[in-house]
Amino acid sequence: MAWPPRYIALPALLLAMLAAPPLLAQQAGPEASEQEAEAEAQRDMGRATPDSGAAADDFLLYPDPGRPRAVVPENEAEVPEKVVAGLSQDAVSITATFDGSDILIFGAVKRETPIPTDSKLDVVVTVEGPAQPLTIWRKERKLGIWINTERVNIGAAPSFYAVATTGPLDQILLPEWDMRYRISIPLAMRSFAGPVDVADTVPFTQAMIRLREDERVYRQDTGSVTLTEETLFRANIRLPASLIEGDYKTRILLLRNGQVVDVHRAPIEVRKVGLERWLYRLAFDWPLIYGLMSLAVAVLAGWGASTMARWLRRA
Amino acid sequence: MQIYLPIAEIVVNPLILVGLGGVVGLMSGLFGVGGGFLITPLLFFIGIPPPIAVATGANQVVASSVSGVLAHVKRRTVDFRMGGVLLAGGLVGSWLGVMVFNFLQSQGQVDLAVQLCYVVFLGLIGLMMLQESLRALLRSRQPSTGRRRLHQHMWVHRWPLKMKFRASGLYISAIPPLMIGLAVGVLAAIMGVGGGFIMVPAMIYLLGMPTKVVIGTSLFQIIFVTAFTTLMHAVNYNTVDIMLAVLLILGGVVGAQIGTVLGARLRAEQLRILLALLVLAVCGKLALDLFLTPDDLYSIATGGR
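Just so you know, the protein sequences line up as chains A and B, in that order. Going by this note's numbering, the first sequence opens with residue 1, and the numbers climb by one from there. Going by this note's numbering, the second sequence opens with residue 1, and the numbers climb by one from there.
For the record, the hints were derived by calculation from the structure and aren't laboratory data. One should not assume that every hint holds.
Cross-link-like lysine to any residue pairs, in silico, SDA-like; alpha carbons within 20 Å at most [what the hints assert, rightly or not]:
hint	chain 1	residue 1	chain 2	residue 2
1	A	Lys139	B	Leu288
2	B	Lys74	A	Leu300
3	A	Lys142	B	Asp295
4	A	Lys142	B	Val120
5	A	Lys139	B	Phe44
6	B	Lys74	A	Met308
7	B	Lys74	A	Ala315
8	B	Lys74	A	Arg310
9	B	Lys285	A	Trp146
10	B	Lys74	A	Trp311
11	A	Lys142	B	Leu112
12	A	Lys142	B	Ser299
13	A	Lys142	B	Phe44
14	A	Lys139	B	Asp296
15	A	Lys139	B	Pro50
16	A	Lys139	B	Asp295
17	B	Lys74	A	Thr307
18	B	Lys74	A	Leu312
19	A	Lys142	B	Leu104
20	A	Lys139	B	Ala301
21	A	Lys142	B	Leu288
Cβ pair distances, simulated, as ranges [said to hold, decoys possible]:
hint	chain 1	residue 1	chain 2	residue 2	range
22	B	Gly19	A	Val198	30 to 36 Å
23	A	Leu300	B	Arg139	42 to 48 Å
24	B	Phe80	A	Phe284	35 to 41 Å
25	A	Ala108	B	Asp296	42 to 48 Å
Quick caveat: nothing in here was measured; it's all calculated off a predicted structure. Built from N, CA and C at the ideal position, the CB exists for glycine as well.
Taking the hints into account, I'd like the entire structure generated from these sequences.
This is the structure:
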């Protein structure tokens, strides 16, 4: 696909400025994205230490830019519980009559030892769409008319984000672990882009999350993961009809005592197929031919209707 | 029933789009306006991203204009010569307009500029037409007081480069139509429309062309201006959604035929009153959006488009 230069320049700039590569993850394969996500988690932890806190980084994170990040202890070498999971489909094809898709995520907890009785097991499933840069505008009344005055640029926000859990997220997950794995909706939004001109970014980011939750592209489905005997789990996540093409990332997280015990990652490829694919490629690879084709369709349709009408009148 | 649009990347109901196209096509056949000033806001309203709405709307206008103009060609109500002169000005104008648009964009607030353009021009033109056509209607009801002059001689008749426009029954300088074409072209490019709603009154009131010829001639030149716009958008921004266009066109071409038939039955004054009311309605809606407190002060604009 022939990306316009700005699509490449912007992520590249962000990469350099924020050391948080939003679009790399989107383009890289499943293995690479796993490594990348791991590296990102490491980097986030590094950033939390007081001496590495560069001034520019301090306001970058939602919801509380000033709050220092808690250092999370490393996972023990021996993880007693592992997640084994599968998806009902690892590819979604967008056809002309595409009407959304249900993805069934299922799996089991693998363990060599008996089920621990001192704590409760919880499962969180997240599905994240390709990230996009975006701008949040606020209108203000000037000379009697409402115009966009202030804005906040977001470097990368997922186009789709769903969190399915076995219970209320704030009860089953500790905030520092949420920050490390970026699980809750506010944290899924990666970073601000460029200098922030407004005094307080919180109303802007809250508005964005509210707008996207209203559109059902950001969703938190509490209790929609069913867990049986602390071993088998399943969750059904509905992908909306208005889906953007790209690599979607699925995570299945095992939680105990508010801490993440194990993570399993799986990609879902969302691709246009058939006529949709052909038209999309033509529009981006051969825009002149595509434009002429659009005009030809218009002229033929106009001529056809006129001829039909004359024929009908005569009949 | 739903359909996925490949470029807009959203799902829409095709019947709504065919209906929208039909309504706008009807306007096009009836009044000789392309309908861009209607279709673009309507597409925004059903959730099509603005750049795609503008580019695809232009493509739909090509179809309904072709459909409408062929009916007018049959009735010999197209002044090709006048259309050509207007078009020559119009193409230069839209090129200039794209440059103005880019300048406004670099300054920010291009949306506001476009919206203000709409409100000011639609308001002015709507009021002018309504007042004039109401007066004409009243005059036609009273018994005629003597013979009326064929047309009035105004400043435009004293310029050099005179040309004969037989279909319009005019013998005037080519400079005023060129200038009108240019001005309309600039505005059309900034507002993302064909410019028919400005062109039609300009032809009637500034050039003194008969209303019957104005509609066909306006449609004729709109075809080329919007075809040029469609191609520019498709090549530079990849924002023409052909699936969306086909649905709008299906309704549009049929609507345009019905409109042309209706137009032949209505009287010119009545037609102009209807167009004036329509223009004022759209203007009022846009003005309200500017002045009323919006439901949500915040909005999201996705990067790129």
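Q: Go ahead and decide if the range 30 to 36 Å is satisfied by the Cβ distance of Gly19/B to Val198/A.
A: 42 Å, violated
Q) Has the given pair, Lys142/A with Leu288/B, been kept, meaning a C-alpha gap of at most 20 Å? A) It holds: about 15 Å lies between the C-alpha atoms, which stays within 20 Å.
Q: Would you mind confirming whether the straight-line C-alpha gap from Lys142/A to Ser299/B stays at or under 20 Å?
A: Roughly 17 Å between the alpha carbons, so the hint for Lys142/A and Ser299/B holds.
Q) For the pair supplied as a hint, Lys139/A and Asp296/B, is the alpha-carbon distance within the 20 Å limit? A) 9 Å, holds
Q.
With the threshold set at 20 Å, check whether the alpha-carbon distance from Lys142/A to Val120/B stays at or below it.
A. It holds: about 18 Å lies between the C-alpha atoms, which stays within 20 Å.
Q: Decide if the proposed pair is consistent with the structure: Lys74/B and Thr307/A, CA atoms, cutoff 20 Å inclusive.
A: 11 Å, holds
(Q) Just to be sure I understand the hint, the distance between the Cβ atoms of Ala108/A and Asp296/B should be within 42 to 48 Å; is that true here? (A) 44 Å, holds
Q.
Given the hinted pair Lys142/A and Asp295/B, is their Cα-Cα distance within 20 Å?
A. Within the cut-off at roughly 17 Å; holds.
Q. Keeping to a limit of 20 Å between CA atoms, is the pair of Lys139/A and Leu288/B held or broken?
A. 15 Å, holds
Q. When you check the alpha-carbon spacing of Lys74/B and Trp311/A, does it fall within 20 Å?
A. Between Lys74/B and Trp311/A the Cα gap is close to 13 Å, so the pair holds against 20 Å.
Q. Straight-line Cα separation of Lys285/B and Trp146/A no greater than 20 Å?
A. 14 Å, holds
Q: Mind checking the alpha carbons of Lys74/B and Arg310/A for me, to see if they're no more than 20 Å apart?
A: With a Cα-Cα distance of about 10 Å, the restraint between Lys74/B and Arg310/A holds, given a limit of 20 Å.
Hint compliance for this structure: hints 13 and 22 are broken, all remaining hints hold.
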